[in-house]
Amino acid sequence: MLNFVDSVQDAVAGIKDGSTVMIGGFGNAGQPFELIDALLECGATDLTVVNNNAGQGDQGLALLIREGRVKKMICSFPRQSDSWHFDAKYKAGEIELELVPQGNLAERIRAAGAGIGGFFTPTGYGTMLAEGKETRIIDGRGQVFETPIHADVALIKALKADGKGNLVYRKTARNFGPIMAAAATHTIVQVSEIVPTGGLDPENIVTPGIYVNSIVQVSGSGAGATNGKVA
Amino acid sequence: MSLTETSIKTSDTPLGRDDLARLVAKDIAPGSFVNLGIGQPTLVSNYLTDEQNITLHTENGMLGMGPAAEGDEIDGDLINAGKIPVTELPGASYFHHADSFAIMRGGHLDICVLGAFQVSATGDLANWHTGAPGAIPAVGGAMDLATGAKDVFVMMTLLTREGASKIVESCTYPLTGVGCVTRVYTDKGVFLTGPDGVTVRETFGCTLEELQELVPVPLKAAPAAVGG
Numbered sequence: 000m001l002n003f004v005d006s007v008q009d010a011v012a013g014i015k016d017g018s019t020v021m022i023g024g025f026g027n028a029g030q031p032f033e034l035i036d037a038l039l040e041c042g043a044t045d046l047t048v049v050n051n052n053a054g055q056g057d058q059g060l061a062l063l064i065r066e067g068r069v070k071k072m073i074c075s076f077p078r079q080s081d082s083w084h085f086d087a088k089y090k091a092g093e094i095e096l097e098l099v100p101q102g103n104l105a106e107r108i109r110a111a112g113a114g115i116g117g118f119f120t121p122t123g124y125g126t127m128l129a130e131g132k133e134t135r136i137i138d139g140r141g142q143v144f145e146t147p148i149h150a151d152v153a154l155i156k157a158l159k160a161d162g163k164g165n166l167v168y169r170k171t172a173r174n175f176g177p178i179m180a181a182a183a184t185h186t187i188v189q190v191s192e193i194v195p196t197g198g199l200d201p202e203n204i205v206t207p208g209i210y211v212n213s214i215v216q217v218s219g220s221g222a223g224a225t226n227g228k229v230a
Numbered sequence: 000m001s002l003t004e005t006s007i008k009t010s011d012t013p014l015g016r017d018d019l020a021r022l023v024a025k026d027i028a029p030g031s032f033v034n035l036g037i038g039q040p041t042l043v044s045n046y047l048t049d050e051q052n053i054t055l056h057t058e059n060g061m062l063g064m065g066p067a068a069e070g071d072e073i074d075g076d077l078i079n080a081g082k083i084p085v086t087e088l089p090g091a092s093y094f095h096h097a098d099s100f101a102i103m104r105g106g107h108l109d110i111c112v113l114g115a116f117q118v119s120a121t122g123d124l125a126n127w128h129t130g131a132p133g134a135i136p137a138v139g140g141a142m143d144l145a146t147g148a149k150d151v152f153v154m155m156t157l158l159t160r161e162g163a164s165k166i167v168e169s170c171t172y173p174l175t176g177v178g179c180v181t182r183v184y185t186d187k188g189v190f191l192t193g194p195d196g197v198t199v200r201e202t203f204g205c206t207l208e209e210l211q212e213l214v215p216v217p218l219k220a221a222p223a224a225v226g227g
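Top to bottom, those sequences are chains A and B.
Okay, so the first sequence: first residue is 0 according to numbering that gives the first Met the number 0, each after it adds one.
Okay, so the second sequence: first residue is 0 according to numbering that gives the first Met the number 0, each after it adds one.
Okay, chain A solo, but in the shape it has when bound (with noise of 0.2 Å):
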């Protein structure tokens, strides 16, 4: 069911200790900041968390892994010259690591979201990733078997969304959010505009609302916005 919320407060009220959760973005662009610092207001913990970093400096993300809400991170990139709170929770050994090869963290929520249940891929085929996994020779490759990525909640950043929940992106702010918006159980969006319905050109729509359960109008985190840092 789709419901409009008036605050992010509101929307992201229902998340619940242990959740596991979603975050769209690479890097700042498409990261829903106000979605991320709502989350950290409201208290839930024992988080696992799936983007594709591990937060930039002192905002977002990287802000709940400073407070100590993330017990895991499901992540392809979190080494970054400005990850310093996860580098010190990861030190430290107050924060677990699944690395995933990027691919195969887009590919594993993509299935979620499309009820597969697993696929071979010759991603990390002979790496370390690989160690422990099922593998095969299929065409003459070797290649490799990935589970889903679930999600109880995905908070993602969007451009517009119109009266059904369907959402446009901005550029490459697109990233993960539509497949996260798939594999999520509860979907939590934040636009910058609510269009009236019809306002969206149906050729045009890149998630459809079906996938999408709460919005959020977010007022300036529209065109290029991240909170003034750019990367």
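The set of hints was computed from the structure by calculation and includes no laboratory data.
Among the hints, a few may not be true.
Label-pair distances were calculated between CB atoms; the ranges are [unchecked claim]:
no., chain 1, residue 1, chain 2, residue 2, range
1, B, 193, A, 87, 35 to 45 Å
2, B, 217, A, 130, 37 to 47 Å
3, B, 45, A, 130, 32 to 42 Å
4, B, 72, A, 113, 34 to 44 Å
Okay, the calculated bits of chain B under chain A, using three or more residues with CB under 8 Å as the criterion [what the hints assert, rightly or not]:
no., stretch
5, 54-63
6, 86-94
7, 141-155
Keep in mind it's a predicted model, so treat the numbers as computed, not measured.
Built from N, CA and C at the ideal position, the CB exists for glycine as well.
We have chain A; now place chain B onto it with these hints.
Okay, now just chain B, sitting in the frame of chain A:
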């Protein structure tokens, strides 16, 4: 000096980073779809010409990526894989992450250019993790690019700071992909790698014999170079 050596030494001095990037750019076939890795490979884009009509892919969901953004062009929603602000060219397209990696993993990219710690004689690639105790591992899209692109070019200096060859019999760093590298561009020569071992297409500032003294795997002149 034998005929073979003469024919493959194409420069009297080792190539600098920009000259190497220019050479890689020249070797990319017109109309190709290409992904340039973070770091040194990004330099290649500076030397692609309009006539080549190359389309650049970035893993975070775009084809038709343009040069780095400057001034008013900077837009937080338009970045490359290194999270640097970039621009879009006419004909660009955006897509979500699973589609972007399907482009990589599905064999649709003609060439990817990557940096490396080591490349083995049979084209194994190590470029994501030193394996050092306490190092925080980060893999990103490296494994997908290495296994998915039709051709995997590596750009690197031939030697480490300590003077060890980065072309090795077998990689001692954790692998990114097995048997995936097809060509290695270095400051001292261009190497073609594959199941039959390493051939040298051209050398810069050294002879094949001098190169052989640096590299601990058997080198032979590429067939096209012999008598060329």
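Q: Indicate whether the distance between the beta carbons of residue 193(B) and residue 87(A) respects the range 35 to 45 Å.
A: 44 Å, holds
Q: Report holds or violated for chain A covering the stretch 54-63 of chain B, Cβ cut-off 8 Å, minimum 3 residues.
A: holds (count 5)
Q: Using the beta carbons of residue 217(B) and residue 130(A), state whether their distance is inside 37 to 47 Å or not.
A: Given a distance of about 31 Å, which is not inside 37 to 47 Å, the answer is violated.
Q) Is the distance from the Cβ of residue 45(B) to the Cβ of residue 130(A) consistent with 32 to 42 Å? A) 39 Å, holds
Q) Mind checking, does the stretch 86-94 of chain B have 3 or more residues with a CB under 8 Å from chain A? A) holds (count 3)
Q.
If you count the residues of the stretch 141-155 of chain B with a beta-carbon closer than 8 Å to a beta-carbon of chain A, do you get 3 or more?
A. holds (count 5)
Q. Does the Cβ distance between residue 72(B) and residue 113(A) fall inside 34 to 44 Å?
A. 37 Å, holds
This entry does not satisfy hint 2, going by the numbered hints stated previously; all others are met.
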